[in-house]
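Quick note: to get the numbering used here, add 26 to the position in the sequence shown (first position is 1).
Hints were generated in silico from the structure; no laboratory data involved.
For glycine and all other residues, C-beta sits at the position ideal for the given N, C-alpha and C.
Some hints here could point you the wrong way.
[As the list claims (entries may be wrong)] Distance ranges between label pairs, derived from CB positions: (1) A71 <-> D104: 31 to 41 Å; (2) D148 <-> H122: 15 to 25 Å; (3) R108 <-> D145: 31 to 41 Å.
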Amino acid sequence: MQPSLETGPIAEQQMVLLVEPLSTSPSVRELLHSVPDLLKICHRATVADALDVLAARPASAVLLDLSLAEVRSLIAIDDIRRVAPGVAIMILARAHQQALARRVIDRGADDFVITDGLDGRDLWRAVDEKVANAIAID
27 MQPSLETGPI AEQQMVLLVE PLSTSPSVRE LLHSVPDLLK ICHRATVADA LDVLAARPAS
87 AVLLDLSLAE VRSLIAIDDI RRVAPGVAIM ILARAHQQAL ARRVIDRGAD DFVITDGLDG
147 RDLWRAVDEK VANAIAID
């Protein structure tokens, strides 16, 4: 049974850490804010800043934009797993980046989402499902 938008694992306002450059357009942050009250979003523009946040407080999920050089180099996945081993990691990719997104999954990310044409509710559902899977495994 799929969690509903109102009762899923992250419906209790747990933090979702979004790591995307400020210049991304359309911004995933804007998509997520289009789903009011479902997500507590913490946005950082670099993986280094995201690691500082993860070291200070837990997150339900980390959404990593594949356009960031740190993510493409695959080192970011190792760093996040070291700081927050159980967090769900989702890669945000464009359609032309699918092959690279699969390599990042092979490195330890949980899944990827193609952001071309995605709306906020679809993205929320994808994140919620990954968080539910991470909770079930723990």
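These are the hints, each one checked on the structure:
With their beta carbons about 20 Å apart, A71 and D104 fall outside the hinted range of 31 to 41 Å. As the Cβ distance of D148 to H122 is approximately 19 Å, the hint placing it in 15 to 25 Å holds. Range check, R108 to D145: about 33 Å between beta-carbon atoms, so the 31 to 41 Å window is met.
Going through the hint list in order, the structure does not satisfy hint 1, though it satisfies all others.
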